[in-house]
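Using the sequences and the hints, build the whole thing.
From first to last, the protein sequence lines are chains E and Z.
In this text, residue positions in the first sequence follow our numbering: the first is 1, and each later residue adds one.
In this text, residue positions in the second sequence follow our numbering: the first is 1, and each later residue adds one.
Where hints are given, some of them may not hold.
[Unchecked claim] DMTMM-like, lysine to aspartate or glutamate: derived pairs with alpha carbons at most 20 Å apart:
id, chain 1, residue 1, chain 2, residue 2
1, Z, Lys9, Z, Asp204
2, E, Lys142, Z, Asp61
3, E, Lys30, E, Glu214
4, Z, Lys207, Z, Glu234
5, E, Lys210, Z, Glu58
6, Z, Lys78, E, Glu214
7, Z, Lys163, E, Glu214
8, E, Lys210, Z, Glu59
9, Z, Lys207, Z, Glu223
10, Z, Lys163, Z, Glu192
11, E, Lys210, Z, Asp168
12, Z, Lys161, Z, Glu142
13, Z, Lys191, Z, Glu85
14, E, Lys142, Z, Glu59
15, E, Lys237, Z, Glu103
16, E, Lys89, E, Glu61
17, Z, Lys9, Z, Glu85
18, E, Lys47, E, Glu98
19, E, Lys67, E, Glu98
20, E, Lys237, Z, Glu58
21, Z, Lys163, Z, Glu223
22, Z, Lys218, Z, Glu58
23, Z, Lys218, Z, Glu142
24, Z, Lys81, E, Glu214
25, Z, Lys75, E, Glu214
26, E, Lys210, Z, Glu169
27, E, Lys119, E, Asp97
28, Z, Lys22, Z, Asp61
29, E, Lys267, E, Glu214
30, E, Lys78, E, Asp91
31, Z, Lys129, Z, Glu103
32, Z, Lys9, Z, Asp168
33, Z, Lys161, E, Glu305
34, E, Lys142, Z, Glu58
35, Z, Lys245, Z, Glu229
36, E, Lys38, E, Glu61
37, Z, Lys113, E, Asp94
38, Z, Lys111, E, Glu305
39, E, Lys210, Z, Glu142
40, Z, Lys208, Z, Glu181
Since the hints were made in silico from the structure, they are not lab data.
These numbers come from a predicted model, not from an experiment.
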Amino acid sequence: MNRYTKTGWNLAYVAVVIGIGYFIFISSSKVNYIWRWKAIPSYIVYKSHDAVNSPFNGFVEGYKNGKLIVKSLNGKIKRFKIEKPEVKKGDVVDQGDELGYNISSKAGPLLVGLYTTLKISVIAIFFAIIIGIITGLMRISKNPLLKNLAVTYIELIRGTPLLVQIFIFYFFIGTVFNLDRAVSGIGALAVFEGAYIAEIVRAGIQSIGKGQTEAALSIGMNYFQLMRYIIMPQAIKRTMPAMAGQFISLIKDSSLVSVISITDLTKAGREIVTSTFSPFEIWFTVAAMYLALTYSLSFLTQILERRMAKSDR
Amino acid sequence: MTDKDYVVKTVDVHKTYPNGIKALNGVSLNVIYGEVLVIIGASGSGKSTFLRTLNRLEEIDSGSIEVLGTDINCKGSKLTKLRAEIGMVFQHFNLFPHLSVMENITIGQIKVKKIDKQTAIETANDLLKKVGIYDKAAAYPEQLSGGQQQRVAIARALAMKPKLMLFDEVTSALDPEMVGEVLDVMEKVAKEGMTMVVVTHEMDFAKKAADRIAFMDKGRITEIATPEEILTNENNSHLRQFLNKIH
Ligand SMILES: Nc1ncnc2c1ncn2[C@@H]1O[C@H](COP(=O)(O)OP(=O)(O)O)[C@@H](O)[C@H]1O
Ligand SMILES: [Mg+2]
Chain E
1 MNRYTKTGWN
11 LAYVAVVIGI
21 GYFIFISSSK
31 VNYIWRWKAI
41 PSYIVYKSHD
51 AVNSPFNGFV
61 EGYKNGKLIV
71 KSLNGKIKRF
81 KIEKPEVKKG
91 DVVDQGDELG
101 YNISSKAGPL
111 LVGLYTTLKI
121 SVIAIFFAII
131 IGIITGLMRI
141 SKNPLLKNLA
151 VTYIELIRGT
161 PLLVQIFIFY
171 FFIGTVFNLD
181 RAVSGIGALA
191 VFEGAYIAEI
201 VRAGIQSIGK
211 GQTEAALSIG
221 MNYFQLMRYI
231 IMPQAIKRTM
241 PAMAGQFISL
251 IKDSSLVSVI
261 SITDLTKAGR
271 EIVTSTFSPF
281 EIWFTVAAMY
291 LALTYSLSFL
301 TQILERRMAK
311 SDR
Chain Z
1 MTDKDYVVKT
11 VDVHKTYPNG
21 IKALNGVSLN
31 VIYGEVLVII
41 GASGSGKSTF
51 LRTLNRLEEI
61 DSGSIEVLGT
71 DINCKGSKLT
81 KLRAEIGMVF
91 QHFNLFPHLS
101 VMENITIGQI
111 KVKKIDKQTA
121 IETANDLLKK
131 VGIYDKAAAY
141 PEQLSGGQQQ
151 RVAIARALAM
161 KPKLMLFDEV
171 TSALDPEMVG
181 EVLDVMEKVA
191 KEGMTMVVVT
201 HEMDFAKKAA
211 DRIAFMDKGR
221 ITEIATPEEI
231 LTNENNSHLR
241 QFLNKIH
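Structural data, given as C-alpha cells:
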C-alpha cells in the first residue's frame, strides 16, 4: 500500500467516525431528550463554600490582603483568612455570626467513586497476582494433589459468571466469616482474576525452554532458586502484555462489585442518575473515566515493556 | 584400584523413555580421577541420555550410578550439592538470557554456594580470562557469538569448582570457524587435571585429549579403549562404519 492510499484510508476512518458520531447525535435528538452537560463537571469536582464564623463578639476593623481583621470587645485583635468577606468595616458581629466564606475544590461523587474503583482494583490486582503465581505453579506441578487442586479452582472460577461469584462471596462466604462488603468484593475479584493470571503464569513458564531449567539444575539450584532467579524473571517479561490485559479486565470487572453496595464509580453513577434526569451524560462520563483509567494503565505497561526490553536487549 | 578412585561408577544402567524408546540398555562404566573419557556413537545411540543420568537430569529405571562417592538416587539438598560439583555444558549453551555474562557466572556461586559477591566476581574474572573473553563481562548472551557463548557456559560450570565436567556435543551447534576456540578451552581444562566425560564427534580432539574413548551403540557401550586402539579397531563393524562415516 503506498503512502497516498494509506492517507486516503486514514481520512476514510476519520469520516466514518464522524459519521457514526453524527448518527448518534441525530438519533438522540429524536428521542426528545434534554442534554444537560453543564451540571456534569460538578459531579467530578465542585466548589464548596466553607463558612468562617466569628468566635466572639466584636466589630470589624477592616479587610486587607485577603484577611479580615476583627477586634473583640475586650480589645483583642484577630485576623481571619477569608476569600469572600460578607461583613464590612464597622460592622458589629456576634459570636457565631458568619464573617464570610472560602472557596475550595472538593471531589464530587464521581471522582470519589473513581478513587474507590482504583483502590479496589489495586488491592485486588495485588492479591490476584499472588494467587495466580501460586496456583500457576501448582498447575504445572507433577504432584497430583497440587495439580488437581489448581485445575479444579481454575475450572470452577472460569466456568461461572463473576456476578454470581460476587453474590456467593458476599452472601455466603461473607456471612460465614463475617466479612465486610469491601473485603467480599475485593476477595471475589482477586479470586476471579487469579484464575486467569494462573493460566498466564502457566503459559509463561512453559514458554521458557527446558534448557534453562536444566542449566539451572546442573549448577545445583533447587526448585525455589530455579523459579526465583531463572524462570520467573523471564516468564514475567514475556507475559507482560497478557498480564496488562488482565489488569485492564479487572478494572472493568470491578464495576460489578457495585451490586453489593460498594460505592465505586459505577455505583456513584447510578446514584447520580436516580437523583437527576441526566442518565445519558452520566453514563458517557462514567465510561470516559473508566477509559482514562484503563488507558493510563496500558500506557504505563507499554513504557515498562520498552524499558524491560532495553534491559536485556 | 578401590571404589574411592572412581569419580563415576555405573552398573548395568537401563533407561526407557515413557514413549517406549529404550535409550540405555545396560551401561556399566567407570571413570577415574583426572581421566578424560570421550564418548562417541551414532546419533540416537543414547550418549546424551547417559550423560544426563550422571547428574540426574534423567532418571534411570534400573542399575546404579555413583558419582563422587554419592549414589545419584538421592534427594533434596544432597542432590543439589552433588549437582553443584558436576559441571555440565550443553549443545545449545543454555545461558541465562536475562543475566549478563558476569551474572551468569556468579549466580550459582552466590545463590547456591553462598559465596560473597566480591569473591564470586573475582573468580568469574579469572575464568573469563582463562576462556578468553575478559572484555565481555557486561555483555548479555544475545550479544555474543556462538563460540563466545559456549565459552561463557564453560566458565559458568567451572565457577562452581566442579570435580567432574560433562560436555554434550558442545561444538555441534557452532559455526565451523568457532569450533576451534571452544575445543582449545576444553583442552586447557583437561590439561589442568579435570575429570571429564565428553560426548563429541571431534575425533582430533578425542585423539589429543582423551585417555579412553567409549563407543556407544544402541544404548550399550560396545567398545572402550585408548584412542589408538579404538581408531585401529577392525573387529567391531559398527564402530568401523561409524568412524568411516564421520571422516
Ligand atoms: N525426552 C525424550 N523422550 C523420548 N525419547 C527420547 C528423549 N530423549 C531422547 N530420546 C530418544 O532416546 C534415544 C537416545 O537419544 P539420545 O540419548 O539423545 O542419543 P544421542 O545423544 O546419542 O543422539 C533416541 O532414540 C531418542 O529419540
Ligand atoms: Mg545427543
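**Asked** So which of the earlier hints does this model not fit?
**Response** 1, 3, 12, 20, 21, 23, 27, 29, 33, 36, 37 and 38
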